[in-house]
Amino acid sequence: MRRVLTGCAVVALLLFVTASPAPAMDGNQILKKVDEVQSASKDSVASVTMTLVDKGGQTKDRTMKVWRRHYKDKDDWSVLKFAAPADIRNLGFLSLADDKMYLYLPAFDRVRRIASHARKESFAGSDLSNDDLSTGKYSNHYDAQISKETDSEYVLELKRKPGSERIYPRVTAWVNKKDFTVSKMDLYDDAGKLWKSSEIKNEQVQGYWTPMEIKMTDVTKNHSTIMKITKIEYDKNLEDDIFTERYLKRSVKGD
Amino acid sequence: MHRGLPHAWTLCCAILLLFSSTALYAEDDVASKVNLSGDIKFFSSAFTEDDTEDAFEPHEAGDYNLNRGELHLKLDGYISDNVSYKSLLYFTYGVRQTAEDLEELQTNEGGTAESDEMETTLKEASFTLMDFGTPGLDLTIGRQRVRWGTSDEYNVIDNLNPVDFGNLYTFDPDYFVAHLPMDGFNLEYRLPTETTLRFQAVYFLSFKPSTLPSSFEARSTALMQDRLEELTGDYGFPTGEAAVVLDDPPEYSVGDGPIGLRLSGNLFNMDWGLSYYHGYVSLPVVHRIDADISLVSGTTLTSYLDYPKLDVVGFDLAGEVRSVGIWAEVGCYWPEDYTVRQTTRFLTTSETTYIKLFDGPYYKYTVGFDYTFGIGTGLYWNTQFNHGYYDEFRYTSQAKDELGLGGAGFMGDLEDYLASRIEYSFFHDELKAVLDCLLEMPELSDISGNSALVVKPRLIYKPYDNTSLELAYVLITGDSATKYGSFEKNDVAYLLLAVHF
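As you go down the protein sequences, you meet chains A and B in turn.
Sequential numbering of the first sequence, starting at 39, is according to this note's numbering.
Sequential numbering of the second sequence, starting at 17, is according to this note's numbering.
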C-alpha cells in the first residue's frame, strides 16, 4: 500500500515538474531532503562488517548488527551490537532521541550513559567517533548553503548550529541531485582543518537508498575504516523494546 | 550437607544447559543460538620492595606476590526467542614456583597430572525468561550477579552480591572489589516504552559471606592477643592464647536470603534509581568475647564473630551537566540493633557486659564526574569522592573505647576516599596508558598526617585482536595505621596477559 502511495506521489511530482519550472532549492531544503531519504523506511536491520586499515595496509575486521528505527519528524533510534572479534563481542551502543547514548560493556555487564564530552572518542578503535553513531538529523544540527552546483551534484557547506553538540563545526557534503544521496563528506575540526573524509557508495535495496559501503578516513592519521553492509532488511516492524537498555544487554544472536 | 546444596543445584543447571546446547548445535538452523566464548588469562605480580619484618607476609623485593592462571569458559545463547541462558565456568590454578620436597616432585605412577591444584568455580549459571507472562517482564533464575548503582568503581548501594575481599591486595584488576554471584531470582519489569520506569525485585536463596583477605584471621588474632596482653598486664596475670572464631553464621534457610527492590527511571534527562536491600552484612563482626582468667594456665580471650542483619535504602543518579558526565549515590544503612556480649570469668565468678556495636543509621555516599578533554585523541578523566568503603561501619564510641574497634584498618570506621583515573589511547586503541590514584583519608581535617595514597600507572597493549597485555606498578605510601598505608612496603609490579576466544 505504502509503495502504491509512494508511486502515486512520484507520478504526481513528475507531472508537477513538467507543468511548472522547478523551484530552486536552498541548502537547508536540500539537507532536509537528505534526512528524508536517510529516514525513508520505517526501520531496518543490517549486518555490517567493519574493517580498520592502518597506514601500512594492515587490517582488522569486526562484524556487527545494527537495528534502526526511522522517524520523519524526530531523531532516529538505533542499537548496534558487535558480534566479533571475541574481545568486543556483545559490546553494544544505544542511541535515542535527544542525544541520549548508552554503551554496554560486556566485560563488566554494565550499561553506561555516554555524556556528550565522550562524543569525540573513537568508537571501538575505529575512525568513527561516538558522535558519528548519533541518530540526530543533519538538518537539526547544521545550517546548509550550496557552495557549488554541477549537473549531477550539489556541494553543501554545513555549519554547526549554535547550541548543537555535534563534534564537527563544519562539514562539506556532496549530494546527488537526482536521489539526494550523499556520496562524499569532508569533516573539519574546531581549528577548521580537515579531520576526516568519508566516501559513500549508495544502492537501492527494497526501494530505499542505502549506504552500502562507507569509507571513513582520518586524514590526520592516514588510517581508515571501511563499513560494508552485507545484509539489510527494511520495514521489519521492529518493536520498541529493541531500543532499550534491556535489549542492549542481550547476546548477539547472529544471522 | 546444607552448604553443599546450592553448588549441586547450580551444577545440575550447568550440566542441563550443556546438554541442551549440545542438542542445539546438532540443528544447523539454530546453531547460532549457542555461543561458546571465553579467555585464557595469566596474572603475575611481584614485590618491588623488601619487608622482611612484616609479621604476616614477610618478603623481599623480587618475591612473587601472586601467580595465577585462569581459563574462563562462557556459554550463552537462546533456547527460544523468549528464553536465554548464560553460564560461566572458571578454572583457576596458582602457579607453584618451587617444590618444597622430593615428595612434591613425584607424581603417581603412570599419572600425568602435575601437582598444581586447580580450582573449578561455576561462577554464573542462569537462564532468563523474557516477557514472562506479560510483555516487559523478565525473570532470571540461577547463579547471577545483580549490579546496582551508577558509580564507576565504588558503589555504596551495590549490596546484593557480597564483595570479594580475597583479592583486595592482589590488585588484579579483574577481581579488585569484584562481587560474588549468588543463586536466586531476579524479576525485572519495564513499563511500556512511553515511560522509562522499571521495577526490579531480587531474592537470593541464602546468605553468602564475603571472601576475606588471606591474612584476616592472623591479623584479627594478633589484635586480640595485643588486647589480651594489655588486659593481663594491668593485673600481672599470666597471658594465654587469644583466638578468633566464626560462630553461628546464618542458616541455609529461606528466611536468610537477601532481598532487594528497585525502582528506576529517567527524569529531566537524568537516570535515577531508588532501592531497598534487606539482608546480612557480608563481613563477620564480633558478637561475643569471652575472657577466662586463669592464674595457672594463663588468661585466654576468645572472640566470636557473626553476621548482623542490615537494611539499606539507596538512591542513585546519573546524567550530564554541561557535557560533563556526573553520578551520585547515597545509601542509608540501618544495621540491626546489635550488641556484643563480653563475659569475664574468674574462678566461679563471671561478669557480663553488653556493648552496642553500630551507631546507626549512617550514610555512605559517592559523587563523581568524568570528562574527555579534546587533547589529541581525547584525554579521559574520571574522579570520584567516596564516603564509606565496602568494609567500613560506623561504630559506637563505646565499641571503639571498650573493644578497640574502628580506626582506619580493614573493617574500620567510615573513611573518605578520592579516586581518580586518567586514560589516553594511542594507535587506535592498540595502546592505552592509564593512571589510577586513590587517596585514603580517615580524617578530612588531617590529610597530610593521616592518609594513604595508592598510585597505579598501567600500560595496556593490544597488539592483535583478542589479545591484551597489561603492565602495571602499584605504589603505596602513607600512614601505617590506614587501610592501604599498612601495606606501604607491599608495592608490586604485575603483568597480565589475556587471550579471548
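Possibly wrong hints are sitting among the right ones.
Subject to a maximum C-alpha distance of 20 Å in a straight line, what follows is the list of computed SDA-like cross-link-like pairs (lysine to any residue) [what the hints assert, rightly or not]:
(1) Lys287(A) to Asp97(B)
(2) Lys139(B) to Tyr80(B)
(3) Lys231(A) to Phe389(B)
Covered stretches of chain B, going by a simulated chain A footprint (3 or more residues, C-beta under 8 Å) [as the list claims (entries may be wrong)]:
(4) 150-161
(5) 307-316
(6) 379-388
(7) 392-399
(8) 452-461
Honestly, the hints are just simulated from the structure, not real lab data.
For glycine and all other residues, C-beta sits at the position ideal for the given N, C-alpha and C.
A quick look at each hint next to the structure:
no.	hint	in the structure
1	Lys287(A) to Asp97(B)	15 Å, holds
2	Lys139(B) to Tyr80(B)	27 Å, violated
3	Lys231(A) to Phe389(B)	18 Å, holds
4	150-161	holds (count 4)
5	307-316	violated (count 0)
6	379-388	holds (count 3)
7	392-399	holds (count 3)
8	452-461	violated (count 0)
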